[in-house]
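J.: Quick mapping for you: the protein sequence lines, in order, are chains U and A. Using the working numbering, the letters of the first sequence map in sequence onto residues 1 to 335. Using the working numbering, the letters of the second sequence map in sequence onto residues 1 to 268.
Treat the hints as calculated values from the structure; they're not laboratory data. Think of the CB as a built atom: it goes at the ideal place given N, C-alpha and C, for glycine as much as any other residue. Don't take each hint at face value.
Cut-off 25 Å, straight-line C-alpha distance, at most; resulting in silico cross-link-like pairs (PhoX-like, lysine-lysine) [what the hints assert, rightly or not]:
| no. | chain 1 | residue 1 | chain 2 | residue 2 |
| --- | --- | --- | --- | --- |
| 1 | U | Lys10 | U | Lys97 |
| 2 | A | Lys255 | U | Lys330 |
| 3 | U | Lys272 | U | Lys310 |
| 4 | U | Lys23 | A | Lys158 |
| 5 | U | Lys310 | A | Lys255 |
| 6 | A | Lys255 | U | Lys333 |
| 7 | U | Lys35 | U | Lys10 |
| 8 | A | Lys255 | U | Lys272 |
A few chain A residues that face chain U, going by a derived Cβ cut-off under 8 Å, partial list only [said to hold, decoys possible]:
| no. | residue |
| --- | --- |
| 9 | His128 |
| 10 | Asp162 |
| 11 | Lys255 |
If you want the footprint, here are the derived chain A segments under chain U, 3+ residues with CB under 8 Å [unchecked claim]:
| no. | segment |
| --- | --- |
| 12 | 114-123 |
| 13 | 140-148 |
| 14 | 174-180 |
| 15 | 203-209 |
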Amino acid sequence: MKTMKDEGWKGVWVFGDYRNYFKNRVTLQLIAKGKELAAQLETEVTVLVLGSQVHPYAMEYTAHGADVIMVVDHPSLENYQVETYVRIVSQLVESFKPEIFLAGATAFGREFFPRLAKRLKTGLSADCVALEIDTETGLLIQTTPAFGGELLADILTPKHRPQMATVHPGVFEERSHDPQATARMVYPEVDIHAEERVQLIRSKPDQSPKGGLEEAELVLVGGKGLGSKENFHMLFELARLLGGDVGATRPVILSGWTEENRLLGQTGKSVKPRVLITAGTSGAVQYTTGIQGAETVIAINRDPHAPIFKMADLGLVGDAKTVLSLVLEKLRKRL
Amino acid sequence: MNIVVCIKQVPDAPSIRVDRERMTLIRDGVENIINPLDRVALEAALELKQKQGGTVCVLTMGPPQSEEALREALAAGADQAVLLTDPHFAGADTLATSRVIGRAISMMNPFPDLVLCGRQTIDSDTGHVGPQLAEELDVPQVCGVTEIHLDGNALLVKQVSDGFQNTYRVTFPALLTVSQGLHVPRHIALGALEQAFSSARVQRWGLKDLKLQPEEVGFSGSATTVLRLHRPPQRRKGEVVSGSSLTLTEHLIAKLVSLSILDEDDEG
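Full structure from sequences and hints, please.
T.: Here is the structure:
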């Protein structure tokens, strides 16, 4: 079979998504994974950084293992803008022809990458939980949750280039920071035409939800199995008494039991507390991708076959609502 | 204002069951619903129509049975419904899906001022079709909108994105995908539902109506292909305990003590 390599598509690209740098590590995680893929393909990892005065990020990406940093630095690129980024990045892809292009499944990644893939008329897989190279064909196997997260699907982009994927934060591990590392800097000539048909009027840090959930040492998560909004709200009292924060699964959000900023999983937040208690959640992959980083997982569910028990360090087969209310009772007595 | 709302019929989340041996969806007992965020998009469209006048057209691509979703949307107050259905459309990835939906919308006369979609569906959950449809139609996009306000001949929309709250001024035509919390979808009266199912008209467009070629749509028009399905790997092997709620509570408390989340119980 004629491979795309023959047609000049080569190299692994990572989109440098630096906004919220200290909390958003997904670019660093993709550089690490990109290095593995690139080693198998005997090629290099390039991080593409667009923005205004982005050199500190270029240095960070170098220290975390990038081989090449491609920088487009211009005052008009200060804010993330979908149309401008698609216009610039599609030009770069067409001239440099990377065979693989990865981005974090951040809110911006999920808004920008689909439009870019469409402009390039290539495939895109969403929220990958694993990436590897098929040893026979050299194609990128992109593993994503399927059927509401009950199964995983291995996706290929056989004939179109680049092979594009977004990856959920926290799936891969970043490499350690090496201040001695070096990378080749590339400043491509590109037509910068920062024109947007929607006008950004204001952009301010979002104050509404506290960042507490991502930092909490203990996270209590409730699922639809808790049965009612009242039962779900026991988690808040437990969190207050034990010193933790509360997360929720998608069905809970859809039922309006709590606010959307507590959503964990594929389209919500990822947490990595020291201890996570998950109550009345069956354990669909779309949820569990958000709790993979938890050190110890305690699961309570009525169904002994629920997939959540496969990732629990302690599994309690029983009625989550009753167990939680008994724990609450005991804690109140202690006070 | 003429608004097109793109909806998708999806299996209701709690009823999704997979045969883990055969790796297929168990179809028995599956309840189909309008994707919840598409209901929110429809509600946003109906509220804009209430304030501004105009029409709301709902559109879906899917098998013939997706007509139910369109009829439900008509019952909620949509004026027109278009079903894009053709055996050739099956097996489409988001690239091919956005091509078909985009072609249908660009054939509408007049071209809509606003296209609204849910930010993602609960079944495939990619969130790709909205932005890819905007690209196909060559209109600007804002994804994950949490507020929409009229501002003269434009809209002011809010989006929370990666820790920032962004406000955009959007002129027409444009595409917005909506997020949870924008609106609570209205209750659909039974009478309206009965009427929509017995009398309302749903237009059906296939490959030929859209002047598309078989190789542009469905499986053959897709860039991605599914190599295989498999079960999620087992990550940990922990202790699994069953017993009375009281026994389970004791286990939980003991574990929390051993993890130093709780202090040793002084009452014993």
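J.: Go through the numbered hints given earlier and state which of them the structure violates, listing their numbers in rising order.
T.: 15
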